[in-house]
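**Q** Listed below are the residues making up each chain.
Protein chains: 2
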Amino acid sequence: MYEDRVRRADLRDRIVSAEEAARLIRDGMTVGMSGFTRAGEAKAVPMALAERARRDPLKITLITGASLGNDLDKTLAEAQVLSRRMPFQVDPALRRAINAGEVMFIDQHLSETVELLRSRQIGPVDIAVIEAVAITEQGGIVPTTSVGNSASFAILAKKVIVEINLSQQAELEGLHDIYIPTYRPMRMPIPVVEPESRIGLPFIPIDPDKIAAIVITTKLDSSSTVLPPDDETRSIAGHLTEFFLHEVKQGRLTNTLQPLQAGIGTIANAVLHGFIDTPFHNLKMYSEVLQDSTFDLFDAGKLDFASGSSITLSKTKYEAVLPDLPRYKQRLILRPQEISNHPEVVRRLGLIGINTALEFDIYGNINSTHVGGTHMMNGIGGSGDFARNAYMSIFVTKATAKGGDVSSVVPMVSHVDHTEHDVDIVVTECGLADLRGLAPRERATVIVANCAHPDYRAALTDYVRRAQSRGGHTPHVIEEALSWHARLRESGSMKAGQAARALAS
Amino acid sequence: MYEDRVRRADLRDRIVSAEEAARLIRDGMTVGMSGFTRAGEAKAVPMALAERARRDPLKITLITGASLGNDLDKTLAEAQVLSRRMPFQVDPALRRAINAGEVMFIDQHLSETVELLRSRQIGPVDIAVIEAVAITEQGGIVPTTSVGNSASFAILAKKVIVEINLSQQAELEGLHDIYIPTYRPMRMPIPVVEPESRIGLPFIPIDPDKIAAIVITTKLDSSSTVLPPDDETRSIAGHLTEFFLHEVKQGRLTNTLQPLQAGIGTIANAVLHGFIDTPFHNLKMYSEVLQDSTFDLFDAGKLDFASGSSITLSKTKYEAVLPDLPRYKQRLILRPQEISNHPEVVRRLGLIGINTALEFDIYGNINSTHVGGTHMMNGIGGSGDFARNAYMSIFVTKATAKGGDVSSVVPMVSHVDHTEHDVDIVVTECGLADLRGLAPRERATVIVANCAHPDYRAALTDYVRRAQSRGGHTPHVIEEALSWHARLRESGSMKAGQAARALAS
Chain A
1 MYEDRVRRAD LRDRIVSAEE AARLIRDGMT VGMSGFTRAG EAKAVPMALA
51 ERARRDPLKI TLITGASLGN DLDKTLAEAQ VLSRRMPFQV DPALRRAINA
101 GEVMFIDQHL SETVELLRSR QIGPVDIAVI EAVAITEQGG IVPTTSVGNS
151 ASFAILAKKV IVEINLSQQA ELEGLHDIYI PTYRPMRMPI PVVEPESRIG
201 LPFIPIDPDK IAAIVITTKL DSSSTVLPPD DETRSIAGHL TEFFLHEVKQ
251 GRLTNTLQPL QAGIGTIANA VLHGFIDTPF HNLKMYSEVL QDSTFDLFDA
301 GKLDFASGSS ITLSKTKYEA VLPDLPRYKQ RLILRPQEIS NHPEVVRRLG
351 LIGINTALEF DIYGNINSTH VGGTHMMNGI GGSGDFARNA YMSIFVTKAT
401 AKGGDVSSVV PMVSHVDHTE HDVDIVVTEC GLADLRGLAP RERATVIVAN
451 CAHPDYRAAL TDYVRRAQSR GGHTPHVIEE ALSWHARLRE SGSMKAGQAA
501 RALAS
Chain B
1 MYEDRVRRAD LRDRIVSAEE AARLIRDGMT VGMSGFTRAG EAKAVPMALA
51 ERARRDPLKI TLITGASLGN DLDKTLAEAQ VLSRRMPFQV DPALRRAINA
101 GEVMFIDQHL SETVELLRSR QIGPVDIAVI EAVAITEQGG IVPTTSVGNS
151 ASFAILAKKV IVEINLSQQA ELEGLHDIYI PTYRPMRMPI PVVEPESRIG
201 LPFIPIDPDK IAAIVITTKL DSSSTVLPPD DETRSIAGHL TEFFLHEVKQ
251 GRLTNTLQPL QAGIGTIANA VLHGFIDTPF HNLKMYSEVL QDSTFDLFDA
301 GKLDFASGSS ITLSKTKYEA VLPDLPRYKQ RLILRPQEIS NHPEVVRRLG
351 LIGINTALEF DIYGNINSTH VGGTHMMNGI GGSGDFARNA YMSIFVTKAT
401 AKGGDVSSVV PMVSHVDHTE HDVDIVVTEC GLADLRGLAP RERATVIVAN
451 CAHPDYRAAL TDYVRRAQSR GGHTPHVIEE ALSWHARLRE SGSMKAGQAA
501 RALAS
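From first to last, the protein sequence lines stand for chains A and B. Per the numbering used here, residue 1 is the first one in the first sequence, and the count goes up by one each step. Per the numbering used here, residue 1 is the first one in the second sequence, and the count goes up by one each step.
Read the hints as simulated data drawn from the structure, not as lab findings. Hints are not guaranteed to be accurate.
A pair holds if it fits inside one copy or across any two, identical chains being indistinguishable in the list.
Unchecked claim - Subject to a maximum C-alpha distance of 30 Å in a straight line, what follows is the list of computed DSSO-like cross-link-like pairs (lysine-lysine):
#1 Lys315 x Lys302
#2 Lys317 x Lys159
#3 Lys315 x Lys402
#4 Lys159 x Lys74
#5 Lys249 x Lys210
#6 Lys219 x Lys59
#7 Lys249 x Lys159
#8 Lys158 x Lys249
#9 Lys302 x Lys158
Isolated chain A, as found in the complex (with noise of 0.2 Å):
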């Protein structure tokens, strides 16, 4: 059985059950799984560690490429089963317990995580599991639908439990390109010139001994939770595609752009549905999660290629791009997360990295994790990785949330994840704000005037107008600086009014 998904012949008697399997994950072990953004995470081995944490409690730290599908982080957060979690989640359960402090979460930008591990600095992993759709003939293990860290914990692991995911595409097999940089400091140029560049091999290369157990699955990727355009997320597209329009018409760029990064979520999602309507034409993408919004692209005619760690589809668009997956191929690899969103690479390749913000404030430093300065979101995710090394940074989000009572654009951001040197150009449904070759000054008149929401830009124009007021190159009042943030704390909104009818009431 499983000849054609475990070609290696002497590893067949490696299959157990999960449950088996999830034994050899022993408490206070440092486990490395496959899974980035909802895909290609490992599936029946976490589950049956939960079920058994839940009679016989043990802790592990829970080291991924990004977040997983299938509610296993948050089976894991209620089932105790995680003391440690890195680099990134999504899940409500488990931010709940981040939040608690009952998980230390450790934030990362995305490329980093495997070069700590490799230099020993956190770690090490005593174990991997990864979901495959195949082990090779040599005992290679084929990636599904996310490359991660995947092949960094298999490779550095003691021990790796492969999981077979038998409903995984059999042709997801040549889609992936496994190249691991060498060790510092003789390491050698990472050999990608473009989106298309090959370096790797299609398979992670391991001792086929150090695979102690397999598992033969069938549960689905989770669908992908992005919304569908909406009229704010469309304004959003449509103040982007006039800037583009006008850097090409000031030859700064052409008609094909330079290679497109974009951020997990409905609002890059959105963006990149809206080139659809563009004169943009051979597009390309080198990015870390592939979205509706890529096969969108390919399918207008618009896309020449696209490079990821994941492909991550809502349920729709899963069934009809899947099965229909050779059509595709030749114009799709998926890397490690360590290549996909290299330093070197994004650099190199001259990125436009759009990502998208929590809340920025008047001098265009991005808050993109951390609700009123202390609870966690989701985490960093690549998006440090691509905003500092980008040919052109861009930031999106909405004006307001909330129903209005936050503004994403606010004096001081609460907490920082990029600083104004990694932000070119912020944008809301409001408008865009072009900051390049401005001093903080200049960007606080452009911001106000062209992002904020209308319920907040007077105050905003009262704060910077104070603030100048006092000097600096970027000035503030000091004690005022984190006042919205405080009043939405205390009163439920950041709006002045709200605030003092709180307090009244």
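Here the structure of chain A is known, so what remains is to put chain B in place on it, guided by the hints.
**A** What follows is chain B alone, placed relative to chain A:
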């Protein structure tokens, strides 16, 4: 005359006075000048320009490598020549003008300025003014004690003024390695694979027809303002040495460490100087500015090779090293700052980066630039290029400033230049905090215990406790997070008692 310094004969009739050359610079122009950390700046032409501006006002955008010596930024600021200035400065008079909003200062990662120019996102450079020891037979420009952005300025500008400085040693020729990355998206890997890699030319290659004027000068570079090690900087060096010895013992580093980078300034210089009395050997540097400590380490037999973008020395060291240059030359390279600081190379080589903080917070976020969150000190310089991409990113500072009235460890930094993601180790004279693999709550505990000055430790511990009682991944009492800075502004001290006394009086 000047046959050995202007070796291309047909250029010799372009030799003019500084005043005449300065006339090529007109109101509204963008000017790119050589100069990096007080080394190798053009000297006579900017002086003549300031002189002229006093009679006949004009404004320019001035872009350099980094800071200028010979009080040039002061002279230009006082003559009101500067409308815009980038990417770095250290001058008190210019600083005053920046903080008053009179000069628009654009504070950039030092590796990025020429990327923005090359892609025409800022600029264009109308004219370049470059200090040189010689012009070669082919018309190539041989820089002096710094490369900085000079090569790209000369290549991108419409016209070039060359200042031949007869006081700069002719033996500097051969020290430089000029390599400019190709245009994106068709860029090839930058082939630096070790600090010693020579990948370019020993001169800046431009069309000699662009050389519009040559000026002969004799003024020396200014001396470094770095102070000698004191008790506190020696303690900081001691903590770091102990830490590195521990890393070697753990097998994570060898006694040759990784290539070293150290930011400009007294503390980083003292830390490097401290390596003289350690078992570390065969060290290499891949840094931006080579200071006294580089040559101390050469002389002590500790250092094998140093790559930088400039040489900035104290008067004593300058007089010892420069006449003896042939002795050091085979172990030195000066590169464009784009290459000395390039994310691709920094990450590949796996640098240990040591940079100076103005203040850091309980979570390890770093403020390198803004006093009180508003007033520019110098600029971010290359610290971001190195901290983000290093094998290990270290920040050092004294635990207090202003005679103890300012704590360098605060609840929340008033300005963020480096986020906690980019900070592995923080050190004060009180101790060292190893933040690798720690979640924010854990970081707070170790930073307060190890790095805070005893005068502020109880207040920080109290803040941490009250913040954690509110929950969150990165707990804060948001309305109080910047209160230490507000108190300093009002009472002249971060100490609560001082503030109470000031309010009572």
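**Q** Would you pick out the hints that fail for this structure and give their numbers low to high?
**A** 2, 9
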